[in-house]
Amino acid sequence: LVSAAFLIRSAAADLLDIDPEEFDLCHVRLAEVQINPTGKKKYSGEFILADHLINGSGFTRRLDQEFGNILRRIIQAADRQNSHSVIDKIFTQEHMGKCQSSCYSCLQNFRNMRYHPLLDWRLGISMVRMFVDPGFVAGLDGNWAMKGLEDWNVNTQGDIDKFIQNFSSLVRAPLQRFGPSGIRWEDRIVIVHHPLWDADEPEGILADWITEAAGDVGEPNVRSVDSFDLFKRPAWVFRELSRDNAVFNLS
-5 LVSAAFLIRS AAADLLDIDP EEFDLCHVRL AEVQINPTGK KKYSGEFILA
45 DHLINGSGFT RRLDQEFGNI LRRIIQAADR QNSHSVIDKI FTQEHMGKCQ
95 SSCYSCLQNF RNMRYHPLLD WRLGISMVRM FVDPGFVAGL DGNWAMKGLE
145 DWNVNTQGDI DKFIQNFSSL VRAPLQRFGP SGIRWEDRIV IVHHPLWDAD
195 EPEGILADWI TEAAGDVGEP NVRSVDSFDL FKRPAWVFRE LSRDNAVFNL
245 S
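The sequence shown begins at -5 in our numbering and counts up one residue at a time.
If you're looking for bench data, these hints aren't it; they were derived computationally from the structure.
There is no bait here: all hints are sound.
Quick list of in silico lysine-lysine cross-link-like pairs, DSS-like style, CA-CA up to 25 Å:
| id | residue 1 | residue 2 |
| --- | --- | --- |
| 1 | LYS156 | LYS141 |
| 2 | LYS141 | LYS83 |
| 3 | LYS141 | LYS226 |
| 4 | LYS226 | LYS156 |
| 5 | LYS226 | LYS92 |
| 6 | LYS226 | LYS83 |
| 7 | LYS92 | LYS141 |
| 8 | LYS92 | LYS156 |
Whenever a hint applies, use it, and build me the whole structure from the sequences.
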């Protein structure tokens, strides 16, 4: 969500021909939206962009008026549809080949340093697609042919291999690859999934992966972790999996 907010800020500034620093990201939180029939709470992300000037400059009002157009320009840039936007450079082969999450050529700048560990342009564009298209499922249907998704499998498999290499010596039995996106951890299997997938109510290929793992070790021994955490904080993932923290359990 934070990455999407900074993408939107950059696209809005380009459309209005102003400096992106005219907008401040001043609020990010989880907002409770409903409780489903099982009593489980559902949440949605929320962010607020505001004018940098204390008394306001009217730019945020313009952003609101042009919001749909701004989202479409971001998607056009990602899909190489000649958006003529400054964010086009994010989706060039040169940038995509060297930037796995964020850098000073895309989402990072000096003033948003506190957000640097959270920024990921791939997640940002996927979130923007969700804003525009409620039917977008971020690869759950097996369609990876979009910017932000097309190299997820390769990057995630590389992160799995690094995790296995770095932590196998710290467990009783060596960690092993399992299936297209999993780790065999002694008598458990850990499924690594896209951050925008719902592991509590799995659908599509995630449900298939979980079913395959459950057929091997039994569903109580299947865990799930998202690829963002595996890439950004592997030591935390290892520690919590070692403790068998319930946060990785399937509901």
